[in-house]
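Here's the letter readout for the chains.
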Amino acid sequence: MTPIHTLHILNKPPEHPRSVACMNALRPGDALLLTENAVLALAVQGDTAVSIPVYALAPDFVARGLDQSPDRAALVDFPAMVDLTAQAQNVISW
Amino acid sequence: MTGSVIPARNNEGFLENANDWTPEAATVIAADDGIELNEKHWEIIEFLRLFYKEHDMSPPSNRLFVKSVKEALGEERGNSIYLMQLFPGTPAKTACRIAGLPRPTNCL
Amino acid sequence: MSTLIVIDQPPYGTWAGREALDMAFSLAAFDQPVSLLFTGAGVNWLRKLQQTSEIEQKSVEKNLSAAPIFGVEALYADADACTRYGLRLEDMVAGVAMSESNSELLHQYTHTAFAG
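Residue numbers (our numbering), protein chains in the order written: chain A, 20 to 113; chain B, 44 to 151; chain C, 3 to 118.
Derived by calculation from the structure, the hints in this document are not laboratory data.
Predicted model only: the values in this text are computed from it and were never measured.
Backbone N, C-alpha and C define an ideal beta-carbon position, used for all residues, glycine too.
Mixed in with the good hints there might be a few duds.
[As the list claims (entries may be wrong)] Computed, partial: chain C to chain A, Cβ under 10 Å:
| id | residue |
| --- | --- |
| 1 | 11 |
| 2 | 49 |
| 3 | 51 |
| 4 | 57 |
| 5 | 61 |
| 6 | 65 |
| 7 | 67 |
| 8 | 88 |
| 9 | 104 |
[What the hints assert, rightly or not] What follows is a set of in silico ranges between Cβ atoms, one per label pair, in the way DEER data are often shown:
| id | chain 1 | residue 1 | chain 2 | residue 2 | range |
| --- | --- | --- | --- | --- | --- |
| 10 | A | 111 | C | 90 | 33 to 43 Å |
| 11 | C | 32 | A | 86 | 33 to 43 Å |
| 12 | B | 50 | A | 106 | 38 to 48 Å |
| 13 | B | 53 | C | 32 | 20 to 30 Å |
| 14 | A | 43 | B | 116 | 53 to 63 Å |
| 15 | B | 114 | C | 55 | 25 to 35 Å |
| 16 | A | 104 | B | 76 | 25 to 35 Å |
Modelling step: build the complete structure from the supplied sequences, incorporating the hints.
This is how it looks when you write it as structure tokens:
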């Protein structure tokens, strides 16, 4: 696995100002992990695609009744989330 | 009463986990309140078990308990006097305790 | 006296919405006319098939389904927010009505309160 420069962990819904700030801070080589209400971003229609790897925490995804196979993110469980964190040089918890 | 018959309960006598409930447990909990369960009680208990399964909560207050029973089983059962006779005290609280449901949130 | 309670925040994560739902249920318990309007990310309350066992929270979808039983008069969903979140009527819990104009709806109630 390629190392991640900065892992952005976002738990705010798309309407939240910090969600906007997070999207503006993404750089090539980074990865984005959506947890809690941030997974709702995957339900937003016609949202601009992000050019870095996007992950979403599966328990939060299914809790909100979202479609089982998102095309814009890979679903991860808790152990995989820990692996992601370990791969990253830096972590930003938004 | 042997402690092994009924699952873990909290300090107010409500089951810690609604899924642990059994009809035998109901009989024991009811006996604590001096209630001997008959088919009228069981009808309400079954209604509450179903309500919890569908709505993931107990009716939050006594008024809403009465309303819910009325909606499901009609006016004859869905009135506070009928339910008070079956489940003395605060009927919602007493009935939920026997049915193994969590304490109604707005019943003190 | 009629009340409209507006939930504009997503389910789970915060308690604001649940408190608002409790308020609606309490008003209904005393036979006060009350309706709910879901706007913004709040429309996600209405999505079917929420599976909350792994996050160890009560399903708001199941809680909401008790609203008609308790006497809550209507569940409205903001049409634009539903479009944004890809929600059609068939994706949502039973009994939801689409609101095309919230400002018109707000003016029909003697009291409107926002969650949180």
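- Query: Holds or violated: is the Cβ of residue 65 of chain C closer than 10 Å to a Cβ in chain A?
  - Reply: violated (13 Å)
- Query: Was the hint right that residue 49 of chain C lines chain A, CB cutoff 10 Å?
  - Reply: holds (4 Å)
- Message: Can you tell me whether the CB distance of residue 43 of chain A to residue 116 of chain B sits inside 53 to 63 Å?
- Response: At 57 Å between Cβs, range holds.
- Query: How does the Cβ-Cβ distance of residue 50 of chain B and residue 106 of chain A compare with 38 to 48 Å: does it lie in that range?
  - Reply: holds (44 Å)
- Query: Between residue 114 of chain B and residue 55 of chain C, does the C-beta distance stay in 25 to 35 Å?
  - Reply: holds (27 Å)
- Message: Would the hint on residue 61 of chain C be counted as holding, given a Cβ-Cβ threshold of 10 Å to chain A?
- Response: holds (8 Å)
- Would you check whether residue 57 of chain C satisfies its interface hint, that is, whether its CB is within less than 10 Å of any CB in chain A? Check passed: Cβ of residue 57 of chain C comes within 5 Å of chain A, closer than 10 Å.
- Message: Does the closest beta carbon of chain A sit nearer than 10 Å to the beta carbon of residue 67 of chain C?
- Response: Constraint on residue 67 of chain C not satisfied, violated at 13 Å.
- Item | Cut-off 10 Å, beta-carbon criterion: hint that residue 104 of chain C touches chain A | This interface hint is violated because 16 Å lies over the 10 Å limit.
- Just tell me: holds or violated, for the beta carbon distance of residue 111 of chain A and residue 90 of chain C against 33 to 43 Å? Once the Cβ atoms are compared, 35 Å apart, the range 33 to 43 Å for residue 90 of chain C and residue 111 of chain A holds.
- Task: With respect to the beta-carbon atoms only, verify the hint that residue 32 of chain C and residue 86 of chain A lie 33 to 43 Å apart.
- Result: holds (40 Å)
- Message: Holds or violated: the hint that residue 11 of chain C contacts chain A, with Cβ atoms closer than 10 Å.
- Response: holds (8 Å)
Violated hints, in rising order: 6, 7, 9, 16; the structure is consistent with all others.
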